[in-house]
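Undergrad: One-letter residues, chain by chain:
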Amino acid sequence: METIDISHEGLTALPGNTPWAVVGVVASGNLEILLERASPPDTCTVRIETSAEGFAPIWQAVIRDLVARHATGGLRIAINDGGARPDTVTLRLLQGLSMMAGA
Amino acid sequence: MEDAATRTAWDTRRHDRSARLEAASRYTDGKMFAAGVATALLEALIRPFDRICVEGDNQKQADFLAAALAAADPGRLHDLHVVQSGVVLPEHIDLFRRGIAKKLDFSYSGPQSGALARALRSGMIELGAIHTYLELFGRYFIDLTPHVAIIAAVAADRQGNLYTGANTEDTPTIVEATAFKHGVVIAQVNELVDAVPRVDIPGDQVDFVTVSPKPFYVEPLFTRDPASLTELHVLMAMLAIKGIYAPYGIRRLNHGIGFATAAIELLLPTYGASLGLRGRIATHWALNPHPTLIPAIESGWVEQVHCFGSEVGMQDYIRARPDIFFTGRDGSLRSNRALCQVAGLYACDLFIGATLQIDLQGNSSTVLPDRITGFGGAPNMGSDPHGRRPASEPWLKAGAEAARAGGGTAPGRKLVVQLVETFGEKMAPVFVERLECHDLADEQGWAVSPVMIRGDDVTHVVTPEGIANLLLCATPWEREQAIRAVAGYTDVGRARDEAQVARLRARGAVQYPSDLGIAPLAAQRQLLAARSIRDLVRWSQGLYKPPGKFRNW
Chain X
17 METIDISHEG LTALPGNTPW AVVGVVASGN LEILLERASP PDTCTVRIET
67 SAEGFAPIWQ AVIRDLVARH ATGGLRIAIN DGGARPDTVT LRLLQGLSMM
117 AGA
Chain W
1405 MEDAATRTAW DTRRHDRSAR LEAASRYTDG KMFAAGVATA LLEALIRPFD
1455 RICVEGDNQK QADFLAAALA AADPGRLHDL HVVQSGVVLP EHIDLFRRGI
1505 AKKLDFSYSG PQSGALARAL RSGMIELGAI HTYLELFGRY FIDLTPHVAI
1555 IAAVAADRQG NLYTGANTED TPTIVEATAF KHGVVIAQVN ELVDAVPRVD
1605 IPGDQVDFVT VSPKPFYVEP LFTRDPASLT ELHVLMAMLA IKGIYAPYGI
1655 RRLNHGIGFA TAAIELLLPT YGASLGLRGR IATHWALNPH PTLIPAIESG
1705 WVEQVHCFGS EVGMQDYIRA RPDIFFTGRD GSLRSNRALC QVAGLYACDL
1755 FIGATLQIDL QGNSSTVLPD RITGFGGAPN MGSDPHGRRP ASEPWLKAGA
1805 EAARAGGGTA PGRKLVVQLV ETFGEKMAPV FVERLECHDL ADEQGWAVSP
1855 VMIRGDDVTH VVTPEGIANL LLCATPWERE QAIRAVAGYT DVGRARDEAQ
1905 VARLRARGAV QYPSDLGIAP LAAQRQLLAA RSIRDLVRWS QGLYKPPGKF
1955 RNW
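Keeping their order, the protein sequence lines are chains X and W. Numbered per my numbering, the first sequence spans residues 17 to 119. Numbered per my numbering, the second sequence spans residues 1405 to 1957.
It should be emphasised that the hints constitute simulated quantities derived from the structure, not laboratory data. If you're wondering where the values come from, they're calculated on a predicted model, not measured in any experiment. Cβ coordinates follow ideal geometry from the N, Cα and C atoms, glycine included. A few of these clues could be false.
[Claimed, not checked] Ranges between beta-carbon positions, derived for each pair:
hint: 1; chain 1: X; residue 1: Ala43; chain 2: W; residue 2: His1482; range: 51 to 57 Å
hint: 2; chain 1: X; residue 1: Gly32; chain 2: W; residue 2: Arg1929; range: 24 to 30 Å
hint: 3; chain 1: W; residue 1: Glu1847; chain 2: X; residue 2: Ala29; range: 55 to 61 Å
hint: 4; chain 1: W; residue 1: Ala1631; chain 2: X; residue 2: Pro73; range: 30 to 36 Å
[Claimed, not checked] Chain W regions said to be covered by chain X (calculated; three or more residues, Cβ under 8 Å):
hint: 5; region: 1412-1426
hint: 6; region: 1627-1637
hint: 7; region: 1867-1877
hint: 8; region: 1923-1929
[Unchecked claim] Partial list, derived from the structure: chain W residues whose beta carbon lies under 8 Å from chain X:
hint: 9; residue: Gly1892
hint: 10; residue: Tyr1893
hint: 11; residue: Arg1898
Make the full structure from the sequences, and use the hints.
TA: Take a look at the structure:
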């Protein structure tokens, strides 16, 4: 197991008021993501627990793009990864953001 | 040198054929011979250095006679030149291992790709060339005409008339080339009958027939279990339907056998219908009878389907849908690989399929280290036939886009779409700086790298990240950046120039899901018209009979 912590500040606050959301499942090649409004409004923190070691640079790139392209301020994101590939990670994160922003 | 003035004999091949038939006659009773004398008969008929086709189709193989030939005495039979589309059985490799065959011209190796690579490397096989199906079939009539063809069929009568069943596949092409150039045609059949249900191969083109101890085996190669489809496949399918099929109005098409293309088939009656596309897209197909096409057929999307081969379990369904499929007077499917490949090359407006590696210019390859899989039909399906004449809406629209970007002067373009995830199994990146097939070409000293689909034929690359429209890219640099833009978090994707990608996106050469109004939460498995094999059986009203390996109820 590898734990990766990432934090970005100076972000636009996530709209909506859904307090938390869970997407995905913990399974091989998949991942579970818990999103909560539990960070300062301009900050997004992410903790990744992953069974696949050695991919920290890719996780950092995924999260960097996520906070650059979407309003994520105020979020605390916990990822329980079963070795999901980046396409799946990105899709799940966007699904989680949509649920939090509350349509 | 022999010139016309001195040549007196013009029928040597016919005499040669008569001598072979005579040599074989001690093992035969009319056209029939017993399975037990198969090896002896082949030793009597075939001669060293013959060109020989041991029918190895994508699905159907003359497996019994392949084993009989592999058991021949290499002292009698040696240096054969194998000219067949599929080298897919262990016995096909055994021919070379035992010194019976030496030279090989083929199209596809599939399960023998590893053994074939080792045999080439050790010098056991002398390679002529790796062809597409059509390239090999073409050469059957020019310079690779078989002396002897060993073929497989479901049934024969005593006159040698053959019923191939639904998997006609390559058989008529092989027999045409062999029988009419004075070669010998030998068939294995599952059963001898008084009258065949229909005549796929006329008896006067068949010399000898044996009843195989076991029916030939057919693997269900084209069945994709909807239960294995993920939300990523659904997302990719939505992108393809809304971002390509709809705007170009794709009605005539061919699908590869990947999971994402299966997802497209299963989204037509749901997502496609919600976009109002029924009757406007995906009506006419060059396609094997994919079980995942059943919901679209049952929902009235599909007008007709021509097939390269068949698929296990689809026979009763096809028999009950003759308006959709090509069937014989007996009611069962008639497939034909050569003609369906021609249809896919010339009569379809779109090919869409997956691959293992794509480089910065869109060249793709399925070659992995130590595996030589061959080409099959994809390079013909996935290429723009520059000589095409008849216009169609998608062809003209693609041609106009290419012309606007300065790419070529042809009035139209076929759409060739690569539909891939950015990473494959074991986090292997699909997008790479250099295809591994170049290493193979270097190692083997080949003049041309075994690229599957060449970048200049590819019009779109679709990933979960979005769509790169290469028609709208004016320069190699723009193509590279459009591909990088959809390459996700591979090294290739992470090295993109964001400013250039933004410019490409502004003019539609790169489209993200949000640009197409596709929300990530909309990509749900619930959108699939069938979510299991059992759902497909229900859609077919019980006519689809999935093989055991796909039954879990």
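Undergrad: None of the hints should be skipped; say for each whether it holds.
TA: Each hint tested on the structure:
1. Ala43(X) to His1482(W): 51 to 57 Å: Holds - the Cβ-Cβ distance for Ala43(X) and His1482(W), about 54 Å, lies within 51 to 57 Å.
2. Gly32(X) to Arg1929(W): 24 to 30 Å: 25 Å, holds
3. Glu1847(W) to Ala29(X): 55 to 61 Å: 57 Å, holds
4. Ala1631(W) to Pro73(X): 30 to 36 Å: Since Ala1631(W) and Pro73(X) have Cβ atoms about 34 Å apart, the given range 30 to 36 Å holds.
5. 1412-1426: violated (count 0)
6. 1627-1637: holds (count 3)
7. 1867-1877: Contact hint for the region 1867-1877 of chain W vs chain X: holds, 3 residues under 8 Å.
8. 1923-1929: n = 4 at 8 Å, threshold three: holds.
9. Gly1892: 6 Å, holds
10. Tyr1893: 4 Å, holds
11. Arg1898: Holds. Min distance 6 Å.
In summary, the structure is inconsistent with hint 5 from the numbered list given earlier, while agreeing with all the others.
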